[in-house]
Amino acid sequence: MNTSTIIFYAIAALILGAAILAVTTLKIFRSAIWLLFSLVGIAALYFWMQVEFIAAIQIVVYVGGIVVLIIFSIFLTQQSGKEMDKPAKGKMIFSALAALFGTAFTINLISHYGFNNISAAPFNPSVDEIGMQMLSTTSHGFILPFEVVSMLLLAAMVGCIVIAMKPTEATIVHLNKKED
Amino acid sequence: MFSLEGITTNVQDWLLMKFNPTMALAIECVIVILLSISLFALLGLVLVLMERKVAAHIQIRLGPNRVGPGGMFQTVADTLKLIMKEGLVPDKADKFLFNLAPFVVMMVGMLLLAPIAFAKNFQIWDISIGVLYISSVSSLSVIGILMAGWASNNKYSLIGAMRSGAQIVSYELSAGFAVLTIVVLTGSLQISEIVNAQQNGWWIFKGHIPAVIAFVLYIIAVTAETNRAPFDLAEAESELTAGFHTEYSGMRFALFFLAEYINIFIVCAIGATLFFGGWMPLHIGNWEAFNHLMDYIPSSVWFMGKTFFLIFLIMWFRWTFPRLRVDQLLNLEWKYLLPISLFNLLLVAVIAILGWHF
Amino acid sequence: MFLKEYITDVVTGVISLLKGMRKTGYYFTHPKEIITEQYPDNRATLLMSDRFKGEVVMPHDANNEHTCTGCTACELACPNGTIKVVTKFETSPEGKKKKAIDALVYRLELCTMCNLCIVACPSDAIKMAPNFEHSVFDRTKLTKVLNQPGSKIRKGIE
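First to last, the sequence lines map onto chains A, B and C. Position 164 (the first sequence) corresponds to 234 in the working numbering; numbering is contiguous. Position 119 (the second sequence) corresponds to 304 in the working numbering; numbering is contiguous. Position 117 (the third sequence) corresponds to 365 in the working numbering; numbering is contiguous.
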């Protein structure tokens, strides 16, 4: 076992340990923090694989974006500091079964197909290559999904603005009339 | 001539001669860790003293002048006091997260130190995505602040943490756009390539007015990101006592305090690298004699000089401008900085494509 | 139209910020503007303003004479009982009895330097002095008798 493997197992242990703590802790804010550690661990795994771009994006999107949003929504809920009740027995059995089946399914898949050993040259795309591929219109380009995703995000942003908009006087009068 | 490059290669050669490669790497790691910790401690001492002196002179005062010649050892005395103070933990605080938060903030500072080029060929990790790495890791620092604010179980801390979160998340955008303008001009994310592209002139001169605008936007955005006045709503002393670190005392408080100054140093170092050429001496076009003369000043001196100039600029802001209100803060970002930086990025893209920069 | 307003907004904002920075930059680069008094070091040359109110004193002239008639106007004017006038009756050579002060007791630890006693005094017998170094180890030392021992009222003051 060389140093690289040891590092891999250390990172994997961090990810799994943080993930287990995230679902078992009874404090909702701590749960978010454990989730954060788990996601940072995944970014570390990407760094270990030397795909730095993906690692940085992992941190920007999941840690800097999504976990911060989750924490904000926790702050805005009431009684976020209190310990939650222990989940009911039935629920626990149900979720344990779901997890068990998921694991069984994954193990089944792996035992059937195994891990392919790729002996090709180290996979190391530069950032410009990723950018070119993202916006290329040739057969392996990602321009269509890219644009579709941006439409989705645009729709989400417009939705946010509509929700946050202060109703003008005219609309209030209009709504009141409807109610009558 | 004195150069840090020679020292690093000598150390590496010597280590490789004495030990096997893995061992040598481990020893190098330890050296780097020790160096960065001592850099942090030194920077904390120097920057706090500098802040107090600059503040005093701007406010027509003298500042600390009792401990040591000209008050030089004032911050050393302060640090000793903070080390000896009792670190209290509030009774109903979330003890684990309360103790963890200052270390998270410090760790982010340490991670950010990795891609900074302190001198010619003197860099911890010349990662290929340099600038993206910096902007992604710096988004982690908000987590430490949110953690501290929540774990303290204090209304002021929670409000401070929420303000800080909203502020950092929104100002990250225009800081990112300002960084992107330089990335567009250079065509690379790697720090060493960005510095090398400024061989014949710094981007702030070569990039015409859009580069200057980007620099102004960058300075404003990072002042907000490091929670400094005029954007210090998160720790506004007069409204929130001290915001997210109200409940912290002793060494844990010192870590937050240190992290603030480390963050300032890092953002200024990145600003100096992007806009003022990092360790690159002042070169003007084809003036051979002048360029050669400038090369005699060591690159580390150039880097530190530029960084400290930017730090001084940020301190100057702090002691000149009054604090913004929350709505003014968000208006400034979303109605002014963001549209201007988007437009500026477009302008820079046109300049870069048409090759109008020098 | 909107764009013009927006741009003038930004430009005027930037100009006003630069004005502020110019002022503070001027102070930073001109150390001679510094107004800090380095107090214990410059004690010999320290200049106190005439209007500074540090304590109440009673001026005496060369003949050890003051102008206090013992009218107790200051005692009545004092809002917190700082001044206590102890009077006595002196017999003049003509055999007439005359009111005079025995002691004007002034308790510095109670005084708020409000200046009301000085305003109330009809004969300008007391005034404010600029001394501010009042700290002592024993607070009884703060209770002072303002008239010097053996002092008399100046002739012609009624």
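Hints are computed from structural coordinates only; laboratory data are not their basis. Just so we're clear, the structure is a prediction, and the values are computed from it rather than from any experiment. There may be inaccurate statements among the hints.
Stated by the list, open to error - Residues of chain B placed beyond 12 Å of chain A at every Cβ, according to the derived structure:
(1) 200
(2) 266
(3) 315
(4) 318
(5) 327
(6) 344
(7) 368
(8) 372
(9) 478
Said to hold, decoys possible - If the Cβ cut is set under 10 Å, some of the chain B residues that face chain A in the computed set are:
(10) 244
(11) 336
(12) 480
Glycine is no exception: its CB is placed at the ideal position from the N, C-alpha and C atoms.
Taking the hints in turn, this is what the structure says about them:
The beta carbon of residue 200 of chain B sits about 16 Å from the closest Cβ of chain A, which is more than 12 Å, so the claim that it is off the interface holds. Chain A leaves residue 266 of chain B outside its interface by the beta-carbon criterion, the shortest separation being 32 Å against a cut-off of 12 Å. Not every CB of chain A lies more than 12 Å from the CB of residue 315 of chain B, the least distance being 9 Å, so the non-interface label is violated. Chain A draws residue 318 of chain B into its interface by the beta-carbon criterion, the shortest separation being 5 Å against a cut-off of 12 Å.
Taking the minimum C-beta to C-beta distance to chain A, about 6 Å, the non-interface status of residue 327 of chain B is violated against the 12 Å cut. Taking the minimum C-beta to C-beta distance to chain A, about 10 Å, the non-interface status of residue 344 of chain B is violated against the 12 Å cut. With a closest Cβ-Cβ approach of about 9 Å to chain A, residue 368 of chain B is found to fall inside the 12 Å limit, against its non-interface label. Chain A draws residue 372 of chain B into its interface by the beta-carbon criterion, the shortest separation being 8 Å against a cut-off of 12 Å.
With 12 Å as the threshold on Cβ separation, the claim that residue 478 of chain B sits away from chain A holds: the shortest Cβ distance comes to roughly 37 Å. Proximity of residue 244 of chain B to chain A is violated relative to the hint, the smallest CB-CB distance being about 36 Å (cut-off 10 Å). For residue 336 of chain B, the interface hint holds, since its Cβ comes within 10 Å of a Cβ in chain A; the closest pair sits about 8 Å apart. About 31 Å separates the beta-carbon of residue 480 of chain B from the nearest beta-carbon of chain A, more than 10 Å, and the hint is not met.
Consistency note: the structure conflicts with the earlier hints numbered 3, 4, 5, 6, 7, 8, 10 and 12.
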